[in-house]
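J.: Using the sequences and the hints given, assemble the complete structure.
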Amino acid sequence: MSQMSPASEKSRTSQMSRSGQKDRTALLDVRGLTTRFATERGPVTAVDGISFAMEPGEIIGIVGESGCGKSVMSQSIIRLLDYTDHVSYEGEVWLSGEELLRLSPSRMRKVRGNRVSMVFQDPLTSLDPLYPIGDQIAESLRQHRRLSRKEAQARALELLRMTGIPSPEQRIKEYPHQLSGGMQQRVMIAIALACEPQLLIADEPTTALDVTIQAQILELIVELNRRLGMGVLFITHDLGVVSEICTSVKVMYLGQIVEEMTTARLFANPLHPYTQGLIRSIPRLDGDRRRKLHVIEGTVPSLADRPEGCKFVTRCPYADAKCRSEEPPLETAEEGHRLKCWYYREIRSGAREATQYGE
Amino acid sequence: MLAYLAKRLLSLVPVLLVITIATFMLIHIMPGGPAAAILGLEATQSDTDALNEAMGFDRPIAEQYINWIGGLFRGDLGDSLFLHQPVGQAISEHLGPTFSLAVVAEVIALLLAIPLGILAAYKRDSALDQLVRSLSLVGMAVPGFLLALFLMLFVGVRLHWLPIAGYAPLADGVWAHYRYLILPGISLGTIQAALIMRMTRSSMLEVLHLNFIKTVRSKGLRESKVLLKHALRNAFIPILTVIGQTFGTLVTGAVIIETIFNIPGIGQLVINSIERRDYTVIQGVVLTVTLLYVLINLIVDLLYGAVDPRVRLDRK
Amino acid sequence: MRKKWRSGLGLSAAAVLAFTVACSNGNNNNGGSNASGSASPANSSTASQPAAASYKDSLKIAVTAQPPTLDSATTASALALDIAGNIFETLFTLNGNYEPTPVLAESYEKSEDGLTYTIKLRQGVKFHNGKELTSDDVVASMNRWLATSSRAKTLLEEANFSASDATTVVLKLAKPNPDVLVLLSAQAAFPAIFPKEVIEAAPAEGITDYIGTGPYKLAEWKQDQYIHLVRNDDYASPEGEPSGFAGKKEAATPNIYYYFVPDNATRVAGVKSGEYDVADSIPTENFEELSADSNVALSSYPGGTLTAFLNSSEGAFKNEKLRQAAVAALNDEDILLASFANPDLYKLDPGFMNPDQTQWASTAGSEYYNQNDQEKAKQLLKDAGYNGEKIVLLTTPDYSEMYAATLVIQEELKQVGFNVEVLSSDFATFLKTKDEHSKWNLMVTSNGYQLIPPQLLAVTQSWVGLDDAQVKASVATISSEADPAAAKAEWDKLQGYLYEQAYSAVIGHYNEVVATSKKVEGFSQFVGPVLWNAKVAK
Amino acid sequence: MVENIHDQSQLDRLGQLGRKLRREQRLLSCFRLRTNYDLLIGAAVLGALIVLAFIGPLLSPYDPLEMKVLDRLKPPSAAHWLGTDEFGRDLLTRVLHGARLSLGIGITVTLLTSLLGLIIGVYAAFYKPLDHILMRICDGLIAFPGILLAIALMATLGASASNVIIALTIVFTPSIARTIRSTALVVREQPYIEAIRAQGATNARIIWLHIAPNALSPLLVQAAFVFAEAILSEAALSFLGAGIPAPAPSWGNILQASKSVISKAWWMVTFPGIALVLSVLSLNMLGDGLRDFLDPRSKRKGKGSRRVRRVAP
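Chains as they are written, first to last, in our numbering: chain A, 1 to 359; chain B, 1001 to 1316; chain C, 2001 to 2538; chain D, 3001 to 3313.
Do not take every clue at face value.
What the hints assert, rightly or not - Calculated pairs, DSBU-like style, for lysine-lysine (alpha carbon to alpha carbon, straight line, at most 30 angstroms):
id, chain 1, residue 1, chain 2, residue 2
1, D, LYS3264, D, LYS3068
2, D, LYS3068, C, LYS2376
3, C, LYS2222, C, LYS2318
4, C, LYS2272, D, LYS3128
5, C, LYS2382, D, LYS3068
6, C, LYS2347, C, LYS2488
7, D, LYS3074, D, LYS3264
8, C, LYS2414, D, LYS3074
9, C, LYS2414, D, LYS3068
10, C, LYS2153, C, LYS2472
11, C, LYS2321, D, LYS3068
12, A, LYS173, B, LYS1225
13, D, LYS3068, C, LYS2390
14, B, LYS1229, A, LYS110
15, C, LYS2272, C, LYS2131
16, B, LYS1007, A, LYS150
17, C, LYS2347, D, LYS3128
18, A, LYS110, B, LYS1007
19, C, LYS2272, C, LYS2472
20, D, LYS3068, C, LYS2518
21, C, LYS2272, D, LYS3264
22, D, LYS3068, C, LYS2378
23, B, LYS1225, A, LYS110
24, A, LYS173, B, LYS1229
25, B, LYS1123, B, LYS1225
26, C, LYS2538, C, LYS2056
27, D, LYS3128, B, LYS1007
28, C, LYS2120, C, LYS2248
29, C, LYS2519, D, LYS3264
30, C, LYS2434, C, LYS2153
31, D, LYS3068, C, LYS2172
32, C, LYS2222, C, LYS2126
33, C, LYS2126, C, LYS2272
34, D, LYS3264, C, LYS2347
35, C, LYS2347, C, LYS2414
36, B, LYS1123, A, LYS150
37, C, LYS2196, C, LYS2126
38, C, LYS2120, C, LYS2131
It should be emphasised that the hints constitute simulated quantities derived from the structure, not laboratory data.
T.: Have a look at this one:
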């Protein structure tokens, strides 16, 4: 705990100094969000002072390896973790001018599924196996819109149709295990869209699906985003997906946003060593088959032993003593492109050579 | 469905055969005979012999067994040697009190165990959870008859709140009926409660970690709905299994609890019948109880389908 | 919890048998409900009650077990006979002085040679099915009784009833028997009068069509729960002051429920709470508790003896010195206290017969009674050359007093050097083992009083295999002796001999306790509870 | 991550890794033991009870059978710490001797049941025709209401401590046999058993050297529960009067006697009752703890199910 707090304090103050007052127009404005879990061996920081804002209708991608805190961050926004773990939040999450972290549990429930919805990674396990899908879609309508059973079912049918499920009249009575993975994910999306939310958080919605289905689902999300004008926070580890649909990207590592920029710049000009590593590890159809696929050395350290200084230090080929002792601030490299790295200028200019990995 | 039932019933045949033969042999090598209870201490050997002959106990055991099985196929369990009524009638008259007792015990067990089990799982490692875990551990270690004695001592003898024993049929009024069943119900229900509580807790814990719980919560449902409508139903199959098992052991438990609290149920009937060497009743009760046990298991199996559509479809 | 067969089912069957052969001299026992002079039920207070008092329409009595049958001729169960006594009647019955008194009979004549009794029936008596009682019914019932009841078979051999006209029956005996009316009146396996058709249709296992002439009819028998009797509105009562089983029967309460409550604690709690108006066989452990209860009246009456029987036919106790050693070791006071819990509920007395019964009460052999002499016992053991052979005490936990007594005796015998083991089993097994004399050496049973010494189990060979010429001769003398004083002298000698030989030894005399609610009036206790004149104030 | 496995330094690293893993494994199992409170508490309480059962009677100045009828039903006092029973016997002494009896019967039943269950289980798993016969008999005996079976057996055999052991062994063996059989069936299908067979091992050798040892850890867990159930069942049988005959100071006997004096002598219910609960509780905890220790995966699956049948309600 104690070793964590200076870092988060730092990032928080830097964020404060950057934008003095809250942005009234923003759909979502996250400021210095920090999420900690109490564990048997003390508190663990999973999200460390994250700040970003998104406008209505925007699709923002969050990328990073598994374990980097993407899911925790997204679930922190709608406080899904309240129930499962001993969790504490710091910072602020503003949704259209309302601060979520300080809402009472009952007010918070009125936000969930209503103004903000979520779609999860594995559709089969994310649906309750014991209820027909129609009921599961109708459930949030009955909860938030106070619809009668009949009205809710009618609306559910409409939603199913909108998500493009074939013969929805028949499917509506079926159980999750009777549907294919793609259809299940469409059902998940129908559930999420039931109350026409302002914000959809999609947590790796395509990871568990076949490639062809993936494309269909992505298309659906983009189409619905356009039609309904909702913001989409798209969490993925797949940079290819990001490039297809997102307007801008945040790269996360160990609970922090280490780099954020527009999608175009992501591929053209990644500055953070971690982002560079991610991009180089994408297999390319047009690439040289004989070239070995790049792998980022090492693995993501566990949250319990996050390094001091720069969080990427254990795997960064450019790291030095300064990286190990001091955490770099989130600096603006260019308009709309910020990152956390002491040496990104040197790396960009080629002045800094990659050293041996680790020590 | 029917085929499934038929298969289940057929698989029962060898089990029943083993049980009935074992019962038959066991009771016929028990020393003493029905004459003791019927004729009393003064009976002469010739009186006893005459009685045994009249009842057909002088014939070989195998022949008696075959006659009895033959009777079964005609739906005839024989006549009680002591009660002067058909065994079927004796059993059905005694099933009522046992059924009432079992229901009270199970209701007490479920009312206690399911909510506490759910809360313990929900507030895992909290003080409540610790309490629930300790309760279920102690609950499993206190045998029903001991609990019955303690309840008699404190609630009946010291506090005079409830009658310490006895029974009144439902016809005498609802309170008259149930006030006799509360202490026996608690005595019998506690162990069931402990077992069900333990299972509810662990099964809920497992379900609460599943993904769809997050989905349900992300819809903004109230926690009560999350827990009861979604988590509990998903956690219910193992709980149901334990409930089925405990319902089965309720009959066994009733044997002791009914004798302690003097409830004229099937347990008391069989204990009395063993003492009276009322062979036909013993056979009838053992058969009935076994069938009941199987029936309960069958009902539980069918309930699985009602709880979980996947089970239903798999069977088609 | 444990099903207790009231002594009635088995052992107190003996209590009932006491009356099979009764003594006609009425002075031997006052026999009433207050025989012991202890706490009394309110049977005499009926008259003083204000006429306007209102009474409940049912009386509930808690008894210890379900009777095996109500067919009196086939059973020795006291409980069965108590209940059946409300439904059925006999030609004669015993009054409070144990004297035969007519019930269904009106009068009788005895022939000169004592072989023929001509009995005139009371007229206007109807069965519960509406049929009028005739001599045919009596003849059928009595002849069945002569054929089925093992008492009648042995005591009235080749006797026979016939009808001389519609209201007269004739009993012919093979040889004279001065006690024949007492036999006809005794409660044990009493000769109930059924309609002839019921007798003719009777299956071998016994009658289940319970149609009698008594003040109550059987309304319902709920197996293992209760027997419900309702008042017989057409009942034609005999006249006379109620006394024992005789005299006027009013059927004062419209409904009587006999609840089968094997659990002692339940009977006790039930009578305290007013759930039951009468509770039978109050366990001695609860005596004090109930005495202190202002709502409950306790009546205790002499129940019988707790007796140790030594198996002289086989095993270690064939040796009289060993038997004497065992008897010498007994501390009867401890045994009785352990068995009956309260000194008010037992009495130390060496007699095998009821100490209140002047004809037979005897203290012969008292030097062998309650000796508690360990030195003597050890000496006798040494003299007998006891080699540590195992002594087996036979008992059953189904009778708590016998069980407790046996455990104390085991300890006492151990103290003097016997190697003792208890063989304990459920009642059915106990009965079977009792007849296998090689399996046990000593047994304690509680036995109801007998009315004459020859009926004592202590002198009955089939009981524990006692085979002694002198005992047999004495019994024969007592049975045939016309002079009461001479018979008594012979009995003194016999009782002394039983003690001296240590064939059996009385440990003490116990009281039976019945608890009634103080609201019960007109209840009396004779051989069992007499309920037909009892009523319960609201 | 590792590109060239033949690199010597890599191999060294792997070896180090392996050693480290093994050490961690050991540490982990120590840790599991240290944090396995069920196992520790259960074992401690049970151990204390066993010590009391063996030493207690030696220290008591009273004889468990000696009657002082004049001292009957005396409440706890300096002379009689737990009071006296209905024959004036010292209750503490009887409860301590009762511990010997109950634990003794429990252990004997457990050993017999385990041995018989193991033999029946492994042979049933190995020989198909035998399996059918044995398992039908086991099914029958399991479906037979346990307490009735025990009571009927006791009525037939006669009341004595050794008959209690026989009756309870008959009651409990089938479920142990079933557990062992299901484990053995899994082991039997393992490829290595096939390999051993191919090398010409005899059936007996396969059964006793390869299959039986694998069944030991479930057996150990079950044994703890059988122990607990045996103690309970003995008490229940004695309580019903169908167990150990008096005057033996079994807990069930004391409890049975206590029932008729329940309004006068609370101590006769309370103290043997506590002794009974403590011993069953400690065995249950021991069983749970053993299972967590021997099969950590089961913890995640929940502790809900126990295979041993309950005889006493």
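J.: Against each hint, give a clear statement of whether it holds in the structure.
T.: Right, here's what the structure says about each hint:
Taking the CA atoms of LYS3264(D) and LYS3068(D), the gap is about 18 angstroms. The hint holds against a cut of 30 angstroms. Among the hinted pairs, LYS3068(D) with LYS2376(C) is consistent with the structure: their alpha-carbon atoms are about 21 angstroms apart, no more than 30 angstroms. For the suggested pair LYS2222(C) and LYS2318(C), the alpha carbons sit about 49 angstroms apart, so the restraint of at most 30 angstroms is broken. Proposed proximity of LYS2272(C) and LYS3128(D) is contradicted: the alpha carbons are some 64 angstroms apart, above 30 angstroms.
A distance of roughly 26 angstroms separates the Cα atoms of LYS2382(C) and LYS3068(D); the hinted pair therefore holds under the 30 angstroms criterion. Only pairs whose Cα atoms come within 30 angstroms are accepted, and LYS2347(C) paired with LYS2488(C) is accepted, the gap being roughly 22 angstroms. Under the criterion of a C-alpha separation no larger than 30 angstroms, the hint pairing LYS3074(D) with LYS3264(D) is consistent with the structure, at around 10 angstroms. Distance restraint check for LYS2414(C) and LYS3074(D): the Cα-Cα separation of roughly 24 angstroms lies within the 30 angstroms cut-off, and the hinted pair is therefore satisfied.
Between LYS2414(C) and LYS3068(D), the direct Cα distance comes to roughly 14 angstroms. Compliance with the 30 angstroms bound is thereby established for this hinted pair. Restraint check for LYS2153(C) and LYS2472(C): the C-alpha separation of about 21 angstroms stays at or below 30 angstroms, so the hint holds. A distance of roughly 27 angstroms separates the Cα atoms of LYS2321(C) and LYS3068(D); the hinted pair therefore holds under the 30 angstroms criterion. Our distance criterion of 30 angstroms between C-alpha atoms is met by LYS173(A) and LYS1225(B), whose separation comes to about 21 angstroms.
For the hint pairing LYS3068(D) with LYS2390(C), the CA-to-CA distance comes to about 24 angstroms; that is within 30 angstroms, so the pair holds. For the suggested pair LYS1229(B) and LYS110(A), the alpha carbons sit about 19 angstroms apart, so the restraint of at most 30 angstroms is met. As the CA atoms of LYS2272(C) and LYS2131(C) are separated by approximately 42 angstroms, the hinted pair breaks the 30 angstroms bound. A hinted pair counts as satisfied when its Cα atoms are at most 30 angstroms apart, and LYS1007(B) with LYS150(A) does not qualify at roughly 41 angstroms.
For the hint pairing LYS2347(C) with LYS3128(D), the CA-to-CA distance comes to about 70 angstroms; that exceeds 30 angstroms, so the pair is violated. The hinted pair formed by LYS110(A) and LYS1007(B) fails the criterion: a straight-line CA distance of about 51 angstroms is larger than 30 angstroms. For the given pair, LYS2272(C) sits about 49 angstroms from LYS2472(C) by alpha-carbon distance, which is inconsistent with the 30 angstroms threshold. Between LYS3068(D) and LYS2518(C) the CA atoms are separated by roughly 37 angstroms; this puts the pair beyond 30 angstroms, and the hint is violated.
A threshold of 30 angstroms between alpha carbons decides the hint, and for LYS2272(C) with LYS3264(D) the separation of about 16 angstroms falls inside it, so the pair holds. Our distance criterion of 30 angstroms between C-alpha atoms is met by LYS3068(D) and LYS2378(C), whose separation comes to about 21 angstroms. For the hint linking LYS1225(B) to LYS110(A), the alpha-carbon distance of about 14 angstroms falls within 30 angstroms, and the restraint holds. About 18 angstroms separates the Cα atoms of LYS173(A) and LYS1229(B), which keeps this hinted pair within 30 angstroms; it holds.
With a CA separation close to 16 angstroms, the supplied pair LYS1123(B) and LYS1225(B) stays within the 30 angstroms bound. A distance of roughly 5 angstroms separates the Cα atoms of LYS2538(C) and LYS2056(C); the hinted pair therefore holds under the 30 angstroms criterion. Between LYS3128(D) and LYS1007(B), the direct Cα distance comes to roughly 22 angstroms. Compliance with the 30 angstroms bound is thereby established for this hinted pair. Annotation: proposed proximity of LYS2120(C) to LYS2248(C) holds, straight-line Cα distance about 19 angstroms (limit 30 angstroms).
At roughly 27 angstroms between alpha-carbon atoms, LYS2519(C) and LYS3264(D) fall within 30 angstroms of each other, so this suggested pair holds. Among the hinted pairs, LYS2434(C) with LYS2153(C) is consistent with the structure: their alpha-carbon atoms are about 24 angstroms apart, no more than 30 angstroms. Taken as a hint, the LYS3068(D) and LYS2172(C) pair is broken in the structure, with Cα atoms around 59 angstroms apart against an allowance of 30 angstroms. Pair hint LYS2222(C) plus LYS2126(C) holds up; C-alpha atoms about 26 angstroms apart against a cutoff of 30 angstroms.
Distance hint between LYS2126(C) and LYS2272(C) is unfulfilled; the C-alpha atoms sit about 39 angstroms from each other, more than 30 angstroms. The straight-line distance between the Cα atoms of LYS3264(D) and LYS2347(C) is roughly 24 angstroms, inside the 30 angstroms bound, and the hint therefore holds. Between LYS2347(C) and LYS2414(C), the direct Cα distance comes to roughly 25 angstroms. Compliance with the 30 angstroms bound is thereby established for this hinted pair. A C-alpha spacing of about 36 angstroms is found between LYS1123(B) and LYS150(A), which places the hinted pair above 30 angstroms, so the restraint is violated.
Note on LYS2196(C) and LYS2126(C): the hinted pairing holds, with a Cα-Cα distance of about 13 angstroms set against a maximum of 30 angstroms. Note on LYS2120(C) and LYS2131(C): the hinted pairing holds, with a Cα-Cα distance of about 18 angstroms set against a maximum of 30 angstroms.
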